[in-house]
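Asker: As a plain string of letters, each chain reads:
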Amino acid sequence: MRNTILYCLGAAVILLLVRDINLIAGFPEEKSQGAIFKIIFFHVPLAITAMLCSMVSLVASVMFLKTKNFRYDALAVAITEVGLAFLLGNLVTGSIWARVIWGVWWVWDVRLTSALVCWLLYAGYLMLRRAIEEPTQRATFAAAFSIFAFIDWPIVYLSIRLFRTQHPGPVFLSSQGSFPHDWTMAIFGPFGVLMAMMMLATVMTFVRLGQEDSKRELDSLRRMAHAM
Amino acid sequence: MTFLSNTLLLAQVSAEDVAREIARLQRNYAFLSYGLCAAWIILVGYVLMMVGRERSLKREIANLKAMLEEKHK
Chain A
70 MRNTILYCLG AAVILLLVRD INLIAGFPEE KSQGAIFKII FFHVPLAITA
120 MLCSMVSLVA SVMFLKTKNF RYDALAVAIT EVGLAFLLGN LVTGSIWARV
170 IWGVWWVWDV RLTSALVCWL LYAGYLMLRR AIEEPTQRAT FAAAFSIFAF
220 IDWPIVYLSI RLFRTQHPGP VFLSSQGSFP HDWTMAIFGP FGVLMAMMML
270 ATVMTFVRLG QEDSKRELDS LRRMAHAM
Chain B
607 MTFLSNTLLL AQVSAEDVAR EIARLQRNYA FLSYGLCAAW IILVGYVLMM
657 VGRERSLKRE IANLKAMLEE KHK
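As given, the protein sequences belong to chains A and B, one line each in that order.
With this note's numbering, the residue at position 52 of the first sequence is 121, and numbering never jumps.
With this note's numbering, the residue at position 72 of the second sequence is 678, and numbering never jumps.
Just so you know, these hints were derived from the structure itself, not from any lab.
Even for Gly, the Cβ is constructed at its ideal location relative to N, Cα and C.
It is possible that part of the hints are untrue.
[To be verified] Calculated from the model, a selection of chain A residues having no Cβ within reach of chain B, i.e. all distances over 12 Å:
hint: 1; residue: Arg71
hint: 2; residue: Ile165
hint: 3; residue: Ile216
hint: 4; residue: Pro223
hint: 5; residue: His236
hint: 6; residue: Trp252
hint: 7; residue: Gly261
[Unchecked claim] Covered by chain A, per the in silico footprint, the following chain B stretches (three or more residues, Cβ under 8 Å):
hint: 8; stretch: 608 to 617
hint: 9; stretch: 634 to 643
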């Protein structure tokens, strides 16, 4: 049953993305940037999905510390790994856009640097988990680290609002920028790219959660084999 | 009037300008496609990594179960 739901969700994601890519291809080019501007339709949803993954990871980590239930730990690790893939996509698409518009692949601007630090922190979270053998200790340390790592997200979000950065200022949810309504809907609408990305992240997280269950089963089998 | 101003504007554009603009547009499209390909390659790569991990976990579980059954016999 769970697999059927996941397959259906996966198929819905593919349909949504095909629809959105068709829609975005039909949009006119932006006046000053040209075609490369259209990368924003993927760059922004990738970032928002990564941020939502980190939020869920934060909640799951807090819940683990409170209840010591390993289901929360499994959710935290699964969704952190998925969020890391989305954040990497965001960094790479942004870098490619920067190469065309700024003429360089990377600048040590507050937004870019804080996003990179965020990626490194969550990569460190996964490395920390590999370094600790004992499950309870691993889950506790990882939960504490995940809560600490989330502190970077408000810095990433506010960097373009508080500092003068090379990264463009906010165009959504801000009085500074104006984005055409149909373009905004292509990202934030009910059938927009953001919805597709969130559904994709959900499918990936459930698959990854299944793997955590398998890992637990494998650990118990190993213990049994060792005891024999 | 518009026709006249457009004609005058076009008269100022050299063949080099047109070639430069075409090259800029092509470069823009090329980088847009690189960006989209990179994003999908990362996500598809991650999915493939998960598929590989799933297979190896299942194989290990099956091997251990078989080993435990052998020992029980």
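Asker: Hint by hint, note whether the structure agrees.
Answerer: Cross-check of the supplied hints:
Listed as a non-interface residue, Arg71 of chain A keeps its Cβ farther than 12 Å from every Cβ of chain B; the least gap is roughly 14 Å. Remark: the non-interface label on Ile165 of chain A conflicts with the geometry, its nearest Cβ contact in chain B lying 4 Å away (cut-off 12 Å). With a minimum CB-CB distance of about 24 Å to chain B, Ile216 of chain A clears the 12 Å threshold, and the non-interface call stands. A cut-off of 12 Å between C-beta atoms confirms that Pro223 of chain A is not in contact with chain B; the least separation is 25 Å.
Non-interface status of His236 of chain A relative to chain B is upheld: no Cβ of that chain comes within 12 Å, the nearest being about 16 Å off. A cut-off of 12 Å between C-beta atoms confirms that Trp252 of chain A is not in contact with chain B; the least separation is 15 Å. Against the 12 Å criterion, Gly261 of chain A stays outside the reach of chain B, whose nearest CB is about 16 Å from its own CB. Counting residues of the stretch 608 to 617 of chain B whose C-beta sits closer than 8 Å to any C-beta of chain A gives 0, which falls short of three, so the coverage hint is violated.
Chain A is given as covering the stretch 634 to 643 of chain B, and this holds because 7 residues of the stretch bring a CB closer than 8 Å to a CB of that chain, at least three being needed.
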